[in-house]
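Undergrad: Given next are the chains, with one letter for each unit.
Number of protein chains: 2
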Amino acid sequence: MIKTSVAIAALSAGGGAALTAALYSLRSNKDKLADMPPTPAPSLFSSTAIAASPTAVAAIPANQVFGGPGGPSSSSSITPGSAPVNPGGLFEYGFPGPVSDIATRAALISSYDRRTRNPHWVAEHITPESLAKRDGDRKNSQFLEDPAVPAKFRALLKDYYRSGYDRGHQVPAADAKWSQAAMDETFYLTNMSPQVGEGFNRDYWAHFEDFCRRLTQRYPSVRIVTGPLYLPKKDPVDNKWYVKYEMIGTPPSVAVPTHFYKVIFAEDGRVGGNVAIGAFVLPNAPIDNAKPITDFEVPVEAVERASGLEFANQLPMQRRRRLCADTTCALVIKDYSERQKAFAKGRSASS
Amino acid sequence: MIKTSVAIAALSAGGGAALTAALYSLRSNKDKLADMPPTPAPSLFSSTAIAASPTAVAAIPANQVFGGPGGPSSSSSITPGSAPVNPGGLFEYGFPGPVSDIATRAALISSYDRRTRNPHWVAEHITPESLAKRDGDRKNSQFLEDPAVPAKFRALLKDYYRSGYDRGHQVPAADAKWSQAAMDETFYLTNMSPQVGEGFNRDYWAHFEDFCRRLTQRYPSVRIVTGPLYLPKKDPVDNKWYVKYEMIGTPPSVAVPTHFYKVIFAEDGRVGGNVAIGAFVLPNAPIDNAKPITDFEVPVEAVERASGLEFANQLPMQRRRRLCADTTCALVIKDYSERQKAFAKGRSASS
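Just so you know, the sequences run in chain order C and G. According to this note's numbering, the first sequence is numbered sequentially starting from 36. According to this note's numbering, the second sequence is numbered sequentially starting from 36.
These aren't lab readings, by the way, just hints derived from the structure by calculation. All the pointers check out, no bait thrown in.
A pair holds if it fits inside one copy or across any two, identical chains being indistinguishable in the list.
Calculated pairs, EDC-like style, for lysine to aspartate or glutamate (alpha carbon to alpha carbon, straight line, at most 20 Å):
{"hint": "1", "residue 1": "K369", "residue 2": "D245"}
{"hint": "2", "residue 1": "K187", "residue 2": "E336"}
{"hint": "3", "residue 1": "K275", "residue 2": "D201"}
One chain only, chain C, in its complex shape (with noise of 0.2 Å):
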């Protein structure tokens, strides 16, 4: 705090924003996501000239800031200060965005995608002992617009209504049914993706869920992360690469994802021990149950390129396993109908 303020107290007198640059790509290179500056206090907005306000520069996420005149990044020659535009002060009226509205609930950390009006990924956390205990039951609880997401951003009910496709959760109801209120947070549309629903999410995706669930038979804790994706397809008309998705609401404000994924942190239980990781990209479609969920396992990376997102990155190398080559990835298909017509068929035998 105490370097924090001499920063501001040296650039109040003069530094210019060439200066608040250099500084800050000094302190985001040595304390990465550490010590923020302090809010400008709102006066400020209303009595400072409309130039020359460096301090307006200190509403950046400091862990965000990099480059710029002696940064790391860049090789200005501009002597700091004397620069006749000041392109920070901008910040006096708000700083821009994106903010990615991140949830903590007891069951789930969601981080939210104001422009796609999606996740960018929800963070779940499963054991033997969380997933053995009952108290929840779907029934009681009920779809939720969140209203910690201004309203203009916010995804509605009603854009889902008659859409034709499923508030999809994300992290699925039945991973919190060890409390009926930690299952009814996971309702909120914050954790919800429009997902195609026969044959995918009441289906192969519901499925792939309760096979994240059994690898608590094997690992004492699984972490999973999940999230849409928005993937290019080849045209085959003129070969080029295109990214098409539909927008669902009136107006057209939540994206329906292409893909989704999963990347699975499968733990040992060991204190520094081995993490064993399975990242998988499905289509937003239908699939057929006989299809092995090994067809959609992708490198991690492949994930991180797409999203836009890292995981893992401060995970040592030597603690990953390949979670498909230390267990088996195999789903079990659990058909209603099938099982329905096995137990008449076992009754009319038996009868």
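Starting from the structure of chain C, add chain G where the hints point.
TA: For chain G alone, kept in the frame of chain C given last:
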């Protein structure tokens, strides 16, 4: 800083993820963007247990946390510390992001979208004085990959090569003529989007950029935010809305935006004075020079809803003016071939 340390200590004593969440909700309310928790020491990642590591939640940017048990947006009745799981433990392996790499250059600040490999936005500042100084020449500048973006998310020169699209400056090089070094910095690909060349980037869009510069004849200080959009279009066959855009590069990496926006802030030069705001959305396509620029004027909120960003949310309503009511919004078409003809005509007339 003291408050943060206390918080971490309390958590280490067994508060659990739920408490962490409540704590952050509280903090993010009280002091938005303010004092971030200290970075977990690198040793944390190798020395902590797999499940209960509430300090890992400290990796979440404080200003992005809301909700959760006890938080303002949740009515969860889950007792802090009673949850059998800890979803935030994932962050021991790294925080997924998204990171919007912010670059602070002398003449611009840019925010980068790692998924589309385009900017989210670029912000600039021009004044009559900055435009009067002409030390830079774009002949001396060259397009640059931005090494400050991690390699797997970086837009590359080869992605644009033979794509059929221009490397379209979002902050125009011509706006940074006041210094060669400042102009050079506008050539980073983090300031670039694929733009249709003929009829757009080299024509109508260029005239629009010229219009922005001309605003300095009336306003002593002009700020401009520019960026890409990916807008849906109604399919006349099924009446549904689809977003469709090309991806260039091998593998396909850089999105070709369907539209571009500019939000212009024309300041009157007085402390706490009026700001004339204009928002414009243009298709990434050839546009007839005869089309008035006012045809592309939109409410600021339209850009906000489409981009997921916010503009001027800290600027009081009474200081706002509508740009195209405050001044004449009209392009001056400087057609090169027309001027050549006029010049030739003038010469033959005078000879």
